[in-house]
Structure formats: structure tokens, C-alpha cells
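Trainee: This is what each chain is made of:
Protein chains: 2
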Amino acid sequence: MSAFDQLVQHSKKVSNFKHLAAISGWDQATVMPSGGNQARSEAMAELSVHIHQLMTAPQLGEWFDKAQQEELSNEQQAALRELKREWQQATVLPEDLVQAKSLAGSKCEHAWRKQRVDNDWQGFEANWSEVVNLSQQEAQIRAEANGLTRYDAMLDLYEPGTNSASLDVLFADVKTWLPSLIDQVIDQQSSLELVSPTGQFHRATQKQLGMEVMQLLQFDFEHGRLDESVHPFCGGVPTDVRITTRYDESEFVQSLMGIVHETGHARYEQGLPKAWAGTPAGEARSMGIHESQSLFFEMQVARSEAFIGHLARLAQKHFAEHDPSLMSRTNLQRLYTQVKKDFIRVDADELTYPAHVILRYEIEKALINGEIKHTDVPELWDNKMQAYLGLSTKDNYRNGCMQDIHWTDGAFGYFPSYTLGAMYAAQFMAAMKKTVDVDGAIESGELSPIFNWLSSNIWQKGSLLNTDNLVEQATGEKLNASFFKQHLMSRYL
Amino acid sequence: MSAFDQLVQHSKKVSNFKHLAAISGWDQATVMPSGGNQARSEAMAELSVHIHQLMTAPQLGEWFDKAQQEELSNEQQAALRELKREWQQATVLPEDLVQAKSLAGSKCEHAWRKQRVDNDWQGFEANWSEVVNLSQQEAQIRAEANGLTRYDAMLDLYEPGTNSASLDVLFADVKTWLPSLIDQVIDQQSSLELVSPTGQFHRATQKQLGMEVMQLLQFDFEHGRLDESVHPFCGGVPTDVRITTRYDESEFVQSLMGIVHETGHARYEQGLPKAWAGTPAGEARSMGIHESQSLFFEMQVARSEAFIGHLARLAQKHFAEHDPSLMSRTNLQRLYTQVKKDFIRVDADELTYPAHVILRYEIEKALINGEIKHTDVPELWDNKMQAYLGLSTKDNYRNGCMQDIHWTDGAFGYFPSYTLGAMYAAQFMAAMKKTVDVDGAIESGELSPIFNWLSSNIWQKGSLLNTDNLVEQATGEKLNASFFKQHLMSRYL
Ligand SMILES: [Zn+2]
Ligand SMILES: [Zn+2]
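Which chain is which? The protein sequence lines are A and B, in order. For the first sequence, the numbering used here begins at 1 and goes up steadily by one. For the second sequence, the numbering used here begins at 494 and goes up steadily by one.
Hint data in this document are derived by calculation from the structure and do not stem from the laboratory. Predicted model, so just to flag it, every value in this text is computed and none were measured. Please note that a few of the clues may not be correct.
The list that follows gives simulated cross-link-like pairs (lysine-lysine, DSS-like), each with its CA atoms no further than 27 Å apart [as the list claims (entries may be wrong)]:
1. A:Lys-101 to B:Lys-506
2. B:Lys-927 to B:Lys-978
3. B:Lys-887 to B:Lys-834
4. B:Lys-506 to A:Lys-18
5. A:Lys-13 to B:Lys-511
6. A:Lys-341 to A:Lys-485
7. A:Lys-18 to B:Lys-511
8. A:Lys-207 to B:Lys-700
9. B:Lys-505 to A:Lys-18
10. A:Lys-12 to B:Lys-834
11. B:Lys-594 to A:Lys-13
12. B:Lys-506 to B:Lys-559
Can you build the whole structure from these sequences, using the hints too?
Mentor: What follows is the structure, encoded as C-alpha cells:
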């Protein structure tokens, strides 16, 4: 067996254990009774250790050396590049740093759940200090290993091939037009009448409605499920993708669009190249590209006039006892495009969302690069919230820098993916429209032409291309913010 | 760390991986979409290999040698005995035999699913021949290792400490009175009027009813769930026990009693000693003792007049739109104690069930001991069915020797557990009644005194006692068939 084949076989073995981790994690988040949590957590920790041992097995170094001498096809070379990337990321950190960060992160995250409610910055800061410190050490080691700046080395974990120099350009562009656009849209929307949901929307009915919309979006129910969890997610494995939502019985619009979003993630997973299943080449390209698919479904497809027409029709069918004016196409469209300056990222609308992300990016970049201290964060946050959204978070940590889970366990470098995803999605749609009658497909309810384009340009590529090549081959140019701007202008003005 | 502690720590590691196997298996049987099956089976096979490697790790032999020299408490000695038993069972077979049997078993079982429908003995026999052959080899190796006869070495896998000499005595006893008792009861029941279910019994309502009965039986929903699967089972782990049932909407009596049965299994698991969790000493004593708990719930408690009164009341509440005479106490009692000579073990009633088991026991014992050939089985089956239940299975393989899954993959030695369970259950009830007002507890609906007895005499013992000691300490004597006979006489005559 060639060294390359040995690496692939080993990767599939690791993937089998990751499969079990994904299913046990899904179970824990959806159906596990609370009393099962401790034993489950121990079992999953044991599995993590085993997976880490496999991923850093001593024979891998030699196999990589040999494989690089072997004659490989272009695809195999790409697969080898991704295998090596994963291996280097797993091996570059010393074990004691990995453990220390994991411990500090768990402790900080656990305490944060209460500290956030209590607006307790002092308590949080005491734990977070260590998380930041260890993350800086991690960034330093990763930076030395691959010759990047410290923040870029962290960014590389989520967005391989992207760096802060490119992000600075993209986000600087956005900052020139976003704040004034937000003001203009809010002003314009202030005169619109809006019917808000009242009464009860049964969860079972919401689920039925959601599943019909998933069918419209051609979710493959032979290879996936819809369930409930406190925090919606897309999990499982490509042959069995598990998406979740949460239902609020006082309205249906949130869970419905949440299901559309997760369906986008799910179809990417379901559409990944089977030939490379169980290896990194058969996985999603990056967090940003993953988010581009969920946001393509949510923002580009489902918030279009034509698709909202479908949602209106289906909602009226399922909620026939409710006021139909709530579910008119016009009213649903207004509900789904309402813009509001507010504190909380996860509740933000399409237009203000990038402001939340750019603020976090600027702060975490300075923090990881060692240009600011973690104690500087609240004031910086306040300044930037004032500048981008005109809101003060002074002494309001809970709705300020303590609102997100990401920083509590040191996932620095993740936030840009959200806005990169929105930008990619807009650029993909613009490219798709050159060859596909997108509006006609949505109007007809037969969306295959859209999915065929995504499948051949994005899903089927897995990680066989680097991100820049993926985007260039799909759209003819590198990522730039102009399509995103154009999309927002035409939707909101 | 002492060698004993090392063994315990290693066992808990293995147990963590078994936890993941249990949950993935539950998922596969209950919620997994069909398209996920291949990747899941591969992941679970990988996990099995890993578990087997851990259980046969080379350092264990030395640890066992050392541990046997260490000063251990009585409980620790018992725990060490069970650890060693498990280790020996895992290590005694050569790898190639394990793999060959697993392969032949999978092939035979897979083909059997269709062959049984087709009544295709020739086709089945061709595959089964190899399964029997490999099982005989397995029995031979196990017999040499522990000085038992071949069949007893297989029996030991499911019923440690039991042997065919004792089973011969127990079953010979049963055979003296069971056939005539069956005839007498059938004759007596022929004049009884019976209201059969008609109309539709919605699965959601059946589930609600089932969950209320589980509450009456004090199932701990903080540490377990009820779900649906094609073949009902009790799975999961002691901190998170997953029971399943299947619903037939044309009636409710089967699923309801099925839920009671699995709840018995579940409460045993939930009640196992936490101090030994993750080691064999903290596991169920044997398959027969496990079945004794499910049958205690199903046959001893739930088919009592008083408990059927509760079932009648709850059924009438949930199925208020149905004919109440169906759900009268008397009618439910008649439905739940109807005796009928028939071909299929899994559909058999309490009274004819032992005949099905004894028949299988006698055949598999002769087969594994090499006294008969596998091609002799159909004729032997027919002879014994004629003798015990007056039915011919000539040329009727599908309802004869091809009806069970157990033999298809070589699980020889398992069948006796069913009837041992029924006998243990009867003996436990007789003993319990000496100190507990069982009828009063059931009548009142507050069943704690019953569960307290089971908990302290059975559940909390795990595998810390051998089976004989467990039964003697709980009931004052060794297992014998008289309590079972007495129970059947007083219920059915
Ligand atoms: Zn997303
Ligand atoms: Zn059972």
C-alpha cells in the first residue's frame, strides 16, 4: 500500500470515531435526559483523547514524507495537502498547552453562564485572563510554525488562506457605506405598518411547516433529520445530517427561518464529494464557506420576494386559524427584513450583523496580536458600538463584550466567518444569475437549477480547491465586498 | 497505583467506549434515517475493534497476576473475579476464529431475513452449517479453557455458574407437569367470553398511557427515555437507559405490556451499584437475572389482579371513546392470561413459553455437544413440538427451527435465560411476600416496598455475588422450579 493510501486509510479510521462523537454530541444536545450528562461527558472526553492520539500518531510523519515522493494525481495532491494541514494543526501544540487551554476554557465558559446573567465583569475577567493568555501562547506557536502573524495563525484554523490584510480591506470597504445605509433604511422603514404574531403557534405545526419548507429546499430526509435543541445547530455526518431548531410558540417566523438556515448548512454536508468521504478533502472548505451556504439559503433564496410567497402560502395553510394579514407576502417580507440597531449579535438582522462582526474582529485581532490587554476590551467595545451602531454598552457587559460564547473558551478568529459567509453568498448569487434563471426557479418552486449550480461549484469541491480558487472558479473573481453591498442596496433601499 | 486500581481504571476506559457503542446502537435502531446505515455500521465496527483491542491489551495479564497478590476487600475480590472472567472470555478465542464467526454469522443472519419468509431451509442450511461449525470450535476452545462441557462453556457466556446438569433437573421437573397444565387451562378458558380490541388506538395516546404506567413503576425519567423501534429493547447505559416499544394502532395491550417488560429491565440497570459503575461488578449478574427483573415486572406485578385494575383505569381514561367493556378489569385480565398452543416463541403466552425454550435448549445442547448434526434439527424440532405442544412443523421451517434470530449468528446458550428468568421471578416474589405486603402495595399504587426489596436484594448487588449466592441470599434457597409451578397453578387454575 502506498504511503498516501495509508494516510487515507488512517484518516477514515479517525473519521469513524469522529462520526461517533458527532452522533453522541447530537444525542446530548437533543434527546439525552439530564441525569445522563456526567457519564456522557466522560465518555466523550475519552473519545476526544483517543481521536487526538490517532491524529498525532507517530508513524504519520514518515508517511507524509514518503507520500510527498509518490506520484499522485492533482486530486490526490490536494487531498494530501489537506491531510497534512490537519495533521500539522493537531501536532504543532504541546500537549500541556492543549490541556491547559481546554481546562481554562471549560472553567471560564461554565462560570460565564451565570456571570453573564449577573453582569459580573470582574468575575469573568479573572477567569478570562488565563484563556486570553493561553490563546496568545497558542497563536504564538502556530504563527512560528506557519510564518503568519499571531492573529492570522488563529484565523487560519477557521478560514484557511484568509488573512487579516484581506479582511482589513473588505471590512474597511463595508465601513465606508454600512453605517449610513443602516440609518437610511431605518428611517425608511419607520413609516411601514407591520402585523406582529399573536396567539399560539403549536410546535408540532411549526415542525410540519418547517419540514415542508425543507422539502422545497430538497433536504434529503433519507440522509438527515430535523429535531429540537436549545441552541440550533447542524451536526451529524454527511450521510446522516442532523439539524435542529427551537420553537417559540408565541410566533413562527424565527424557527422557520432558522430551519432554512440550517438546511443550507445541511445540504452542503449532504452534497460533499463521496469519493473523499472520511478525509479532510471531503470536508467543507471553511467556516466562512459553510456559512455562505446557510446564508445563501436564508438571505439570498428564502428572503427573496418569490420565496416569501411560498412561505406565505404554506404558513396560511398551517395556521389557518390565525389572522391571514400576518402571513401576507408583504407582511412576512417586512418581518423578515426589519432593521434595528441593537446590542445582541445573534438577534441582529442582515444589515446590522456585519457591524457586530467587524467590531469583534478588530478587538480580537488587537488582543491576540498583543496590542491591547483583555481589560481594555469593555471600553473598546463601547467605543465601537457607539461608532458603528450608535449604542452605548458602558457598564452593560452582559449586552456588550460578555454576550458571546466564542471568546469564553478561546475560539479567537471565528467571528469573521459570519460576514465572510454573507459576502460569499452574495457573490455566488451574482455569479449564478449569469447562467441560471434564479427568480424563475424560485417562483416555480422547482429549485433544482439553483442547487445544481451550488452542487457543482461548491458542494462537490469539498476542500479540493483552496478558498480563493474555489471562489474564483465559481464566480470569476476573488472575494470582494461589492456584491454584498449591491445585494443590500437592492433589497433594503 | 495498585494493579487492582489499574484494572479498574482500564475497565472504566473500556466502559466509556461501550457507552458510545450503546448510544450509537440506540440511535441506529430508533432515529437514524436509512441512508445513514452504511457509514454508521462502519463506524460501529471500528469501535468494536477498538474495544476488543482494549479488552485484550497485553499489559492486563501482568496486572491480574499482581492484583491477585494484593490485599483486597471482599468486594474488591469479587470485582477482580468478574474483571478476570470478562478478560478470559475476551482473550481465550484466537482472533481469526472471532472474525470468521462474526463474518459467517452476519452472512447467515442477513440471508435468513429473506430465507425465513421464503421457508427456504436448503438455502439457510448452507450458510448455517458454517455458523454451527465455528460455534462448535468456539465451544471446544472455551470448554478446554475452563474445564466445562462444550455446551456449558457457551451457556457460561450468558449464565455464569449455571450448567446443563442443573438445567436438566429444572426442565425435567417442568416437563412433568407443564403439558397437562396447558391442556387443562386451555380447556377451562374455552368457555370464557372475551372482548377483543376494535377501532384505532393512536400511537401518541398509547405512548402517554405507557409513560403513565412507567411512572407507576417508578422509572426514572431523569435517567432514561421511552422511544420506538421495530424490535423492542432496553439499551443505553445505567445513567441513561433507553427502552423502546413498537405500537400497533389496532390494539394497545401488546405495547403496554411490552413497556412494562422493558421497564423491568430498565429499573435493574438504573439500580445497579454506582460504586462499581464502569466495571463488570457493576453490571447485571446474568441474562437470566436480567430477564427475571423484566418478567417480575411483567408477570409477577403487572398481571396481578390489582395491577390490572390500574391498567384498566388508565386505559379507560386514555381511550374514553372506545368500548369500556374492552378495558374492564376482567376482560383485560382474560386478554393478558389467554393461553394458546402456537408456533412462534416471541408471541407465546406465559404458560406455553417454557415449552418453546426447553425444546430449543435440548436441541442446541445436543448440537453444540456434537451429538446431532445441524441437518437433524428440523425433524427433532417437529418431534418435540408434537410432544410438548401437539403441533407439527413438518416442512414448515419458517414457523419452526428458522423462526429465531439467535441461532443465525451463533448465540447458542442464550435461550435458557428466558425460562430461568421466569423461574427466578416466581421465586423472588415468593420470598418477597414473606416480608412485604405485595398485594397491598400494588393495590395502593405505591409500589416502593416492592422496588426497595428488589433494589437491596438484586439491583444493588450487581455482579458482586455469583448467581447461586445472589438467589440464596435473596430467597433462602437455590433456584428450583416449584415456585414457578405454584405461580402458574394459582394464576391459571
Ligand atoms: Zn450558520
Ligand atoms: Zn426481556
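Trainee: Mind checking the alpha carbons of A:Lys-207 and B:Lys-700 for me, to see if they're no more than 27 Å apart?
Mentor: Since the Cα atoms of A:Lys-207 and B:Lys-700 sit roughly 20 Å apart, the hinted pair holds (cutoff 27 Å).
Trainee: Given the proposed pairing of A:Lys-12 with B:Lys-834, does the C-alpha separation stay at or below 27 Å?
Mentor: violated, 52 Å
Trainee: Keeping to a limit of 27 Å between CA atoms, is the pair of B:Lys-506 and A:Lys-18 held or broken?
Mentor: Answer holds: B:Lys-506 to A:Lys-18 is near 18 Å, not above 27 Å.
Trainee: Run the distance test for A:Lys-13 versus B:Lys-511: straight-line Cα separation, threshold 27 Å.
Mentor: holds, 18 Å
Trainee: Below or equal to 27 Å on CA atoms is what counts here, so check B:Lys-927 against B:Lys-978.
Mentor: holds, 18 Å
Trainee: Mind checking the alpha carbons of B:Lys-887 and B:Lys-834 for me, to see if they're no more than 27 Å apart?
Mentor: holds, 16 Å
Trainee: Is the hinted pair A:Lys-18 and B:Lys-511 satisfied, with a Cα-Cα distance of at most 27 Å?
Mentor: With Cα atoms ~15 Å apart, A:Lys-18 and B:Lys-511 stay inside 27 Å; holds.
Trainee: Quick one, are B:Lys-505 and A:Lys-18 close enough, alpha carbons at most 27 Å?
Mentor: holds, 21 Å
Trainee: Under the criterion that the straight-line Cα-Cα distance not exceed 27 Å, is the pair A:Lys-341, A:Lys-485 satisfied?
Mentor: With Cα atoms ~18 Å apart, A:Lys-341 and A:Lys-485 stay inside 27 Å; holds.
Trainee: Does B:Lys-506 sit within 27 Å of A:Lys-101, going by the straight-line distance between their CA atoms?
Mentor: Holds, at roughly 23 Å.
Trainee: For a C-alpha distance cap of 27 Å, please report whether B:Lys-594 and A:Lys-13 respect it.
Mentor: holds, 23 Å
Trainee: Is the Cα-Cα distance between B:Lys-506 and B:Lys-559 27 Å or less?
Mentor: Roughly 20 Å between the alpha carbons, so the hint for B:Lys-506 and B:Lys-559 holds.
When the structure is compared with the earlier hints, a violation turns up for hint 10 alone.
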